[in-house]
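2 protein chains.
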Amino acid sequence: MTASPKRLSPGATIGILGGGQLGRMLALAAARLGFRTHIYCPDVKSPAFDVTRDFTIAPYEDESALMLFADSVDVVTYEFENVPARTAAIVARQKPLYPDAKALETTQDRLTEKSWINGLGIPTARFAPVNDRASLAKAVGHVGRPAVLKTRRFGYDGKGQIMLREGLDLDAAWGLIGRQPSILEAFVPFEREVSVVAARGLDGSFAAWDVAENHHENHILKTTSIPARISPDASASAVDCARRIAESLSYVGVLAVEMFVTRNSQGTEEILVNEIAPRVHNSGHWTQDGAVTCQFEQHIRAIAGWPLGGTARRGRTEMTNLIGDEVLDLDRWLEDPRASLHLYGKTEVRAGRKMGHITRVLPEEDAG
Amino acid sequence: MTASPKRLSPGATIGILGGGQLGRMLALAAARLGFRTHIYCPDVKSPAFDVTRDFTIAPYEDESALMLFADSVDVVTYEFENVPARTAAIVARQKPLYPDAKALETTQDRLTEKSWINGLGIPTARFAPVNDRASLAKAVGHVGRPAVLKTRRFGYDGKGQIMLREGLDLDAAWGLIGRQPSILEAFVPFEREVSVVAARGLDGSFAAWDVAENHHENHILKTTSIPARISPDASASAVDCARRIAESLSYVGVLAVEMFVTRNSQGTEEILVNEIAPRVHNSGHWTQDGAVTCQFEQHIRAIAGWPLGGTARRGRTEMTNLIGDEVLDLDRWLEDPRASLHLYGKTEVRAGRKMGHITRVLPEEDAG
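Going down the list, the protein sequences come from chains A and B.
Residue 122 in this note's numbering is what sits at position 121 of the first sequence, and the numbering runs on without skipping anything.
Residue 327 in this note's numbering is what sits at position 326 of the second sequence, and the numbering runs on without skipping anything.
Just so you know, these hints were derived from the structure itself, not from any lab.
These numbers come from a predicted model, not from an experiment.
When chains are identical, the list treats them as one kind, so a pair holds in a single copy or across two.
Mimicking DSBU-like on lysine-lysine, the simulated pairs with C-alpha atoms at most 35 angstroms apart in a straight line are:
id, residue 1, residue 2
1, K96, K46
2, K103, K7
3, K223, K103
4, K223, K7
Whole structure, please, built from the sequences with the hints as guidance.
In structure tokens, the structure reads:
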């Protein structure tokens, strides 16, 4: 391998903030490439701790623990976008942090994120800031109903958002959202939800997988199908949005861009960006079996300064999340000769908790 | 999942004797299925220790360490066939050991192994026992030259064997092999070397991957190509040999059967079994990317009492070992959009040491 100050050699150690299933699958991918990992997570039951020799159990606010952690690794990444700014700053003083603080700042706050996306010339749903009860009324005037009121920070899987239909009292809505800084977004009567999972390397190279079509149940991703049933033009446009976002952030690593596909009055598909995840993403899990390089390996390649891997798909692919007690009934999947099972090693089954997923790679000719 | 006394639930712990690359890849596969692992190996630098939370560094003769290890796990398996009989017995007193002691006894000694294979009606090269200088002369009379003189135990990658050509003095040969119990095998003028990697489940189910064609350099596996360039009849016959071997041993787990393909005077291919590896095998590494279920996951499924996974291949596949300092030049592989890299986390590069491997899955229509 050619020498480069930013390029890691096999045997180097990747630091990962966060010990959930994404951290776990990043660690497994790092191991396949010959790297060691050090997982940092406050939760003693973190499933990622099972697959690495080095881990730290400490709060994200513990400066001395963070400094020891950063000292022991060669590069730091994370599995979740809500890494506190101070945590990121402490780590980044000592070691490269990818994706960097700018990616975190841009995506942690829905208002900042959407404004920034529009600033790139990429369309989103109409939105307006909501800082107090008065601005909520003003926002409804601007955005209309139905609309979705979302907290600006810390929302995921439908948490921290409520639907504002005709008739819902604004006082009640403001109370339900917890009277905190929010954003009102026009409800998009979408035809499909899709996502682009892509990577940008340290050298600026960019590689996307095929556009994925996502189906949510109870605000939680249930299935992903590849390829999405959209036109080649819409697909190219979706990938182009992801590329512009990655390039504008000088991004390093894997990112996911969630999008709505709508159809305008001329019958043409239009893409609206919904949100950016500066990390590996559930809608990219299909790549573990359905593509030459999976998103976890690609992320490790990118932050290690290695060339990005091939993203060609191996077939039409379906990914199904196992949520809550669905994980107790594995036989239908274990006996399916086309299914690959991925479990996260979580000891406690809870309603709504992502416990594992299944991928099925099907021949292209079965499509339809 | 249906309850069964022998069937493990996710979260159970798999004990693995041996901490090399095979143990490491078994541990990674176990993690994907939601299992924990505990690796037992005397070598403090074992690469498998990097991917598990629980490991024991102790000799294979340490009875109390073995008992503590067995006590901490739900089932025990191993990555190498030379597990001492006493080690296996200590462990098996406490927990299920798969594959069992019979598989180890049958395959640890080349003479026992070949006699047993012939006893099943499966052909091997002609062979004769060599216990001393006098029986070497007798064996040469029976087997002829060229022939290969091999120690009965502990040979691998060409170690513990010498070629007995015309003219080599038998006193010299007997000295070279270390005057130890040996076997003389007729040299087989083979057309190809192939292997069948297959699994047998706790329920007696059997599943083989497509027959693999192997190329050795300096007695070390260099490449595996799938499918092997043999006739459908020869392929069926090869898989049938593996099935009969697995069934006769009441085998549980993945096994590999190495075979020679020769052509008789009528031009028909004939299969001779060379040896059995009661474990995952280098010639099955292609399944990591080239098949629905890889050999490591299949082994874990089998010893966990789970249904075997599908073995269909995803395309024509090539596996290339990275041996010694070949691992220092990764760019040609990292920049190949069809190549998947697997490194073993070994810190020291030595000549002849297996450091990693590459798989490439190609469309079937590229065949030729």
